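Novice: Letter by letter, the chains look like this.
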Amino acid sequence: MMAMPSNPGFWANEPVRVALTVGAGAALVCAVVGCATVMRRQSFAGHALADVSSAGGSAAYLLGLNPLLGFLGMAAAVAGLMEWAEIRDARERDLLTGVVLGAGLGLTALLLYFDATLGSASGAAVAVLFGSMFTIPPTIVPLALAVAVAALVASAVIYRPLLVSALSGDLARAQGIRVRAVTLTHALALALAVSLAAMTVGAILATALLIGPAAAALRLARRPAQALGLAVLIGLGATWGGIVLAYESFYWTPGRGWPVSFFIVTLIFAAYLLSSWVSSRDRTLRAAATCGEGA
Amino acid sequence: MSPASAALTVERACVGLGGRQILREVSFTLAPGEFCGLIGSNGSGKTTLLRAILGFVRLDSGHIRLPDGAAGGRIGYVPQKIALDPGLPLRARDVVALGLDGARLGPALPSRRRSEQVEQMLRAVGAQGFADQRVGLLSGGQQQRVLVAHALVRRPRLLLLDEPLANLDVRSAAEIVALLRRLSREYGAAVLLSAHDMNPLLPAMDRIVYLAHGSAVAGRAEEVVRTEVLSELYGYHVDVVRVHGRVVVVAAEASDQIRAAVARDPIHTAPVP
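Top to bottom, those sequences are chains A and B. According to the working numbering, the first sequence holds residues 1 to 295 in order. According to the working numbering, the second sequence holds residues 1001 to 1273 in order.
It should be emphasised that the hints constitute simulated quantities derived from the structure, not laboratory data. Remember, it's a predicted structure, so these values are computed and weren't measured experimentally. Every residue, glycine too, gets a C-beta built ideally from N, C-alpha and C. Just so you know, not all the hints are guaranteed correct.
Short, incomplete list of chain B residues facing chain A, as computed with Cβ under 10 Å [what the hints assert, rightly or not]:
hint, residue
1, Gly1062
2, Gly1076
3, Gln1080
4, Ile1082
5, Pro1089
6, Leu1090
7, Asp1094
8, Asp1101
9, Leu1105
10, Pro1107
11, His1150
12, Ala1151
13, Gly1245
14, Val1249
Restraint ranges, calculated between C-beta atoms of paired labels, are given here [as the list claims (entries may be wrong)]:
hint, chain 1, residue 1, chain 2, residue 2, range
15, A, Gly229, B, Arg1104, 17 to 23 Å
16, A, Ala85, B, Phe1056, 20 to 26 Å
17, A, Arg41, B, Val1243, 42 to 48 Å
18, A, Phe10, B, Asp1101, 43 to 49 Å
19, B, Pro1086, A, Ala85, 58 to 64 Å
20, B, Asp1132, A, Trp252, 43 to 49 Å
21, B, Val1170, A, Ser276, 36 to 42 Å
22, B, Ile1064, A, Arg180, 34 to 40 Å
23, B, Gly1043, A, Leu110, 48 to 54 Å
24, B, Glu1119, A, Ala12, 51 to 57 Å
Between the sequences and the hints, there should be enough to build the whole structure, so can you do that?
Specialist: Written out as structure tokens, the structure reads:
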């Protein structure tokens, strides 16, 4: 495992504590919501939603508001609109998602331009798009935790109906499940999750936190609960590990720390590669065993 | 049979979709525990009829009656050509458990009663051997068994299966038919199973609903699968022929008849099966 931070200032440092807290909330929520998102094959929608939320984040910087509120407002509005459009055809939905993503990022470009030319917040562009965990204002913590709790409660409520819907929508309807209510609730949880992720690793990299741990866990797990547990472990491990490494990096290149987001995303990518390797080796072994038995 | 005691009553059901008449005055009744084949070629309206019974498709006229309490998830259903996603972390056992209480909110609490019910259902469909494998990685026949267990574990009084034999080899198809027939007796559930080929079902069927161009005749197989009856249903002459123990329905003068039929009804160009 990773060595504990060598500098005793680590735990005493307020920005570090805020980063650890908000990062943990984001990682936990993203792991849980991400599993549902990957199972519903909505990774692209999740990515688009995170990207589009950057417009809200940059507007918040411009107006001097809580950036989490900006991310959240935009993500929830767009998720609601996409669900309201109720497009069943997968290809059409993909197209609409792509178009909305482009439009959202276009708006972000404009708002970040204003941020840079008119606003007082320097570095807003990097913070919004790629995250800046050590500069998260401590005032955000209560809202971040409330958002995290809301997303976890929503995910818990639709736990079983969502699994049946992921198997087949018709199967779910025949069982008396209101699939549309499940979809809407999941969309809301997704909006909450990506806004937290955008706040920590940035809108562009939010996908990594949302999809990466879930994708790795779903390859390895045999049961839904196992998948959730593994995804949480990977997400939390990568987030905290990334914060520690970024803190340490101040000493590698004196005076200039490396971005936290880089470390988090790299650790998640490594976990995904490892899970792919383990699951493919597992399946080859199992296939060989089955052939041997002649079953 | 009085509609009150029937597992399913369909009365003069009509469905039109996009200006096309899919079902015309379809009527039949199923008794509890009865095993019924819903036979017809592609496009004859089988899937629409099943979806109408489930309430997914609205009737333009007519009625579909289910026993009290059968609405809201009390019908067991196995959809057509379902290929379970190998990416889902669900074992066969989990899918059956979701059939039991998947509509409830929140995660399931561990319960001995629940796992016993699931275990019993897995045994009933012969799925113990692969109960702990990921469903998406099972063969078509194994997935079919798991889905039957998923549908039956709630003890529905009516089980609908849409083309469950379509992707199975002859032996697996025969096994599934025998299994469904046995379970329909044991569980007292009426089974309505759609298929384009009636032959695998002939030894098991109590009753047949034969669909052609949206119209249906229903009754016992020996009453329905006859040259006069089916010719009247199709609206042109067909022969019911028995070859090597198999029943085949052929149009007598296929090309003329089909040309005439196409002229009458340009949409329904489906030939006889």
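Novice: Each hint should be assessed against the structure and marked as holding or not.
Specialist: Taking the hints in turn, this is what the structure says about them:
Annotation: B/Gly1062 was flagged as interfacial toward chain A, and the flag is violated, the nearest CB pair being 21 Å apart, outside 10 Å. Evaluation of the B/Gly1076 hint against chain A yields a held restraint, the C-beta minimum of about 8 Å falling below 10 Å. The closest approach between the C-beta of B/Gln1080 and any C-beta of chain A is roughly 9 Å, which is under the 10 Å cut-off, so the hint is satisfied. For B/Ile1082, the interface hint holds, since its Cβ comes within 10 Å of a Cβ in chain A; the closest pair sits about 6 Å apart.
The beta carbon of B/Pro1089 is positioned within 10 Å of a beta carbon in chain A (closest approach about 4 Å), and the interface hint is therefore held. Interface hint at B/Leu1090: satisfied, since its Cβ lies 7 Å from the closest Cβ of chain A, which is below the 10 Å cut-off. The criterion of a C-beta within 10 Å of any C-beta in chain A is met by B/Asp1094, whose closest approach is roughly 6 Å, and the hint holds. Annotation: B/Asp1101 was flagged as interfacial toward chain A, and the flag holds, the nearest CB pair being 7 Å apart, inside 10 Å.
For B/Leu1105, the shortest C-beta to C-beta distance to chain A is roughly 5 Å, which falls under 10 Å, so the interface hint holds. Hint status for B/Pro1107 relative to chain A: holds, with the closest Cβ pair at about 5 Å, below 10 Å. At about 7 Å, the closest approach between the beta carbon of B/His1150 and any beta carbon in chain A falls short of 10 Å, and the interface hint on this residue holds. Annotation: B/Ala1151 was flagged as interfacial toward chain A, and the flag holds, the nearest CB pair being 8 Å apart, inside 10 Å.
Taken as an interface hint, B/Gly1245 does not check out: its beta carbon lies about 32 Å from the nearest beta carbon of chain A, beyond 10 Å. Checking B/Val1249 against chain A: minimum C-beta separation of about 30 Å lies over 10 Å; hint violated. About 21 Å separates the C-beta atoms of A/Gly229 and B/Arg1104, a value consistent with the hinted range of 17 to 23 Å. In this structure, A/Ala85 and B/Phe1056 meet the distance hint of 20 to 26 Å, their C-beta atoms being roughly 21 Å apart.
For A/Arg41 and B/Val1243, the Cβ-Cβ distance of about 46 Å falls inside the hinted range of 42 to 48 Å, so the restraint holds. Against the hinted window of 43 to 49 Å, the Cβ-Cβ separation of A/Phe10 and B/Asp1101 comes to about 47 Å, which satisfies the hint. A C-beta distance of roughly 30 Å is found between B/Pro1086 and A/Ala85, which places it outside the suggested range of 58 to 64 Å. Hint check: B/Asp1132 to A/Trp252, Cβ distance near 47 Å, so the stated range 43 to 49 Å holds.
The beta-carbon spacing between B/Val1170 and A/Ser276, approximately 38 Å, falls within the hinted interval of 36 to 42 Å. Taking 34 to 40 Å as the suggested C-beta distance range, the pair B/Ile1064 and A/Arg180 does not conform, at roughly 23 Å. A beta carbon spacing of about 52 Å between B/Gly1043 and A/Leu110 agrees with the range 48 to 54 Å that was offered as a hint. Between B/Glu1119 and A/Ala12 the Cβ separation comes to about 55 Å, which falls inside the hinted range of 51 to 57 Å.
In this structure, the earlier hints numbered 1, 13, 14, 19 and 22 are contradicted, and the remaining ones agree with it.
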